[in-house]
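Student: Modelling step: build the complete structure from the supplied sequences, incorporating the hints.
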Amino acid sequence: MHVVIIGAGAAGVSAAETIRKHDTTSEITVISKERNLPLSPVALPEYIEGKISKKQLFLWDNKFIKKYHIELILGRTVVSVHQNEKKIIMDDGSALLYDKLLIASGASPILTEDLINRKGVFTLRTLEDAEAIRHQTKERVIIYGAGAVAVKIAIALRKIGIDVIMFCRSRVLRRLFDENICQLIHNLLITNGIKIVGVCDLKRITGDPVERVCIGTQELKCDGMIAALGVTPNTSFLNSQIIRLGPSKGIIVNEKMETSATDIYAAGDCAETKDITSGKSYIMALWPPAVEQGKVATLNMIGIKAIYEGTLPQNVIDIFDTTFVSIGSLDGEKINISKDRAVIRFTVKEGKIIGCQMVGAIENAGLISSCIKKGTTIKDLEHLELIPSGKLLSTIRSFSHIEKRSSKTSL
Amino acid sequence: MMSAAPQQLAVYIDVDRCVACYACEVACKQAHNLPVGPRLIRVISLERPRNNQVEVISAPLACVHCYEAPCVEVCPTKALSRRKEDGIVLLNRIRCIGCKMCLVVCPFGAPQVDVDGKMIKCDLCVDRLQKKKKPACVSACPVEALKFGTMEELSSMVREKWLNQMWKVKGFPQK
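Top line first, the protein sequences correspond to chains S and B. Following my numbering, the numbering of the first sequence begins with 3 at its first residue and continues without gaps. Following my numbering, the numbering of the second sequence begins with 492 at its first residue and continues without gaps.
I should point out that these hints are in silico values taken from the structure, not numbers from a laboratory. Nothing here was measured: the structure is a model prediction, and the numbers come from that model. A hint or two may mislead.
Claimed, not checked - Heads up, simulated SDA-like pairs for lysine to any residue below, C-alpha to C-alpha not over 20 angstroms straight-line: (1) S:23 with B:577; (2) S:161 with B:608; (3) S:53 with S:323; (4) B:569 with S:19; (5) S:57 with S:133; (6) S:35 with S:67; (7) S:89 with S:264; (8) S:65 with B:572; (9) B:609 with S:35; (10) S:35 with S:134; (11) B:609 with S:19; (12) B:569 with S:317.
Tutor: Given below as C-alpha cells:
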C-alpha cells in the first residue's frame, strides 16, 4: 500500500509514525511545503527568544527518516487531487499515485488586505518566518492581534529586550478567558513592559517595508509588524465538489477522519473538528488534536478501527512567571474557587462541567480535562481537593443553592 | 509491529496498606534533589462518610508510565519518550520547552513544573535501577504499600494477595 501524506505538521508527522508502528511494509510519502525537515511550530517562540537551538525544533532527523523508510519530499506543494485516478499533481508538474491519501495541509495565517505583499509584515508559522522575525526586528515591533500566538511572540520578543506594542481588537486572549482573567493577563503583560493599544484604526501603516505606524495622533517608528490574526485552512487546491468543505473552508470529516471522497482522509488544522463542549464544528488550530486526528486517520487507513470523538480545546500559556490554562468552553454558569493568587473557574452547563480556566494552580488540568471529556457533573468533584484550601466543597454547596434559585453567574 | 515492552516495569500501590506517612514523597524529593514545588509522587487522601463514620483511603500517586502515553504523543518537541526495553516514560529536559501540554493531557496530573519552567516527571529512578536498587519511593515505604517489579511479577503478587484474602472467606474450598 502506498500512503501519501500532504503536509508534515503535527498531523502529518503523527500519521506517518502511526503507520510505521503497525505496518512496516507500506510505502509512506510525506510532501512538505517547507524546505526544512518537519519541525514543531509550538517551539518557534522559544527559538525566537533564543531559549532553544535550531536543532531542537526538528521532530525528525535524517537518521529517523532513513530508519523508518519514509519518503520525504520537501519544498513542494500539491496543486490538485484526482480522486478517480488516485493521483495527486505537484507544483513541478510531477504526479504521484496513492492508495490512501491523508490531507494534512495545515493552515495559513490570515492577513488583511493592506498587509498582503508588504515587506516587513511577518507571521509566525514556519522556520523561515521565525528566522525573519529573529533577524529583522531590532528595536521595536508591532504585533497585530491578541490571541495565543500573538501573546507568545510578544513575550518572547520582550524577553530579548525588544519594544513590543500589541494591537488588540477587543481584549487580550478574549476567546480563552473571562474578562477579569483577561484583565489579569493584560496587567501582567503591561507590568512586564509590553505595551497594549486597544481598538484603533490600523490602516495607516506607512512604508514598504513597514517603517511607521500611526496610533491615534502619534506616529511610531518600527522595524516590522507581526500579524497574528488567526489562520485559514489550506484547502484551495481541492475541488470542493468532490471533497466537501465547511463554512470556514475546512474539510468536513466524519469520526473516522474520512472526507467525502473515498480513500481520502483529512487531519489537523485543515479539517473542521467538533468541539465536544459546544457540539459546533470549526477550525481548531491546536497541536494535541492534530496529533490525535493524524493517528486516528491512519489507523482507519490500515484497517484498525479508531474513532475521533471530537476535540476538547486546551490551551496553556505562560505569561512571564504565571501559567494560565483554558480548557473547553466559556459559555455557561461559573464557579470560582480562589486562594491567594491561584484561581480555578469552572464553566457549568446543566450541572455538567464544560470548561475550566486556571490561573497559577494548574496541577489538576489533566484531571479536569478528562472529567470534562467524560461529562462529569460538578457535584462529583465535591470532595476533590483542587487548591489546598478546602474551599471547593463549600463553594459547590453554595452553588447548588444558587442553582435552585437559578440566579446569574456568581463570581 | 510495536509490542509492549518485554520487561515493562511498574509500581504497584496497595491502597489497603498506605498509612499516608509521606515517606515516599520525602524520599523522592531527596533522590531527585527537588526544590519546593514539584512533587513527582504525591500522597492523596480521600474521605467519605460510611456508617456514621469517616472512611479514609490514601494512596501515593506518581506517573504510571502508560503504554500509550498521551504525554508522549502530544509532546511538540519529542522531549518525552517511552523506553523500549522497560516502558519507562522519560523526559529529555534539553528538548523540553516547558509548554505544559503534557500536564494538560495527563489524566493523572503526573508531569510537574520545575522551578526553571521546564517539566519534570517521575523517571522510576532510572539511575537507581542501574545500580540494581529499587525506586526511592518503594525503598522508603515503611509498610510496603509500594511494590516494584515487572508486570509479570506484580501480577502474580496481586493474585497471591487475592488468594490470601479469599482463604479467609467462609465457604472457600478448604483442604
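Student: Take the hints in turn and mark each one as holding or not.
Tutor: Evaluated hints:
Taken as a hint, the residue 23 of chain S and residue 577 of chain B pair is honoured in the structure, with Cα atoms around 17 angstroms apart against an allowance of 20 angstroms. For the hint pairing residue 161 of chain S with residue 608 of chain B, the CA-to-CA distance comes to about 15 angstroms; that is within 20 angstroms, so the pair holds. Simply put, residue 53 of chain S and residue 323 of chain S have alpha-carbon atoms about 15 angstroms apart, close enough for the 20 angstroms limit, and the pair holds. For a cut-off of 20 angstroms, the pair hint linking residue 569 of chain B to residue 19 of chain S stands: about 12 angstroms separates their Cα positions.
The suggested pairing of residue 57 of chain S with residue 133 of chain S holds, with an alpha-carbon distance near 13 angstroms, which does not exceed 20 angstroms. Simply put, residue 35 of chain S and residue 67 of chain S have alpha-carbon atoms about 17 angstroms apart, close enough for the 20 angstroms limit, and the pair holds. Taking the CA atoms of residue 89 of chain S and residue 264 of chain S, the gap is about 13 angstroms. The hint holds against a cut of 20 angstroms. Between the alpha carbons of residue 65 of chain S and residue 572 of chain B the distance comes to roughly 17 angstroms, so the proposed pair stays at or under 20 angstroms and holds.
A hinted pair counts as satisfied when its Cα atoms are at most 20 angstroms apart, and residue 609 of chain B with residue 35 of chain S does not qualify at roughly 31 angstroms. A threshold of 20 angstroms between alpha carbons decides the hint, and for residue 35 of chain S with residue 134 of chain S the separation of about 18 angstroms falls inside it, so the pair holds. For a cut-off of 20 angstroms, the pair hint linking residue 609 of chain B to residue 19 of chain S is broken: about 26 angstroms separates their Cα positions. Proximity of residue 569 of chain B to residue 317 of chain S is assessed by CA-CA distance (about 19 angstroms); at most 20 angstroms being required, the pair is judged to hold.
In the structure shown, a violation is registered for the earlier hints numbered 9, 11, in ascending order.
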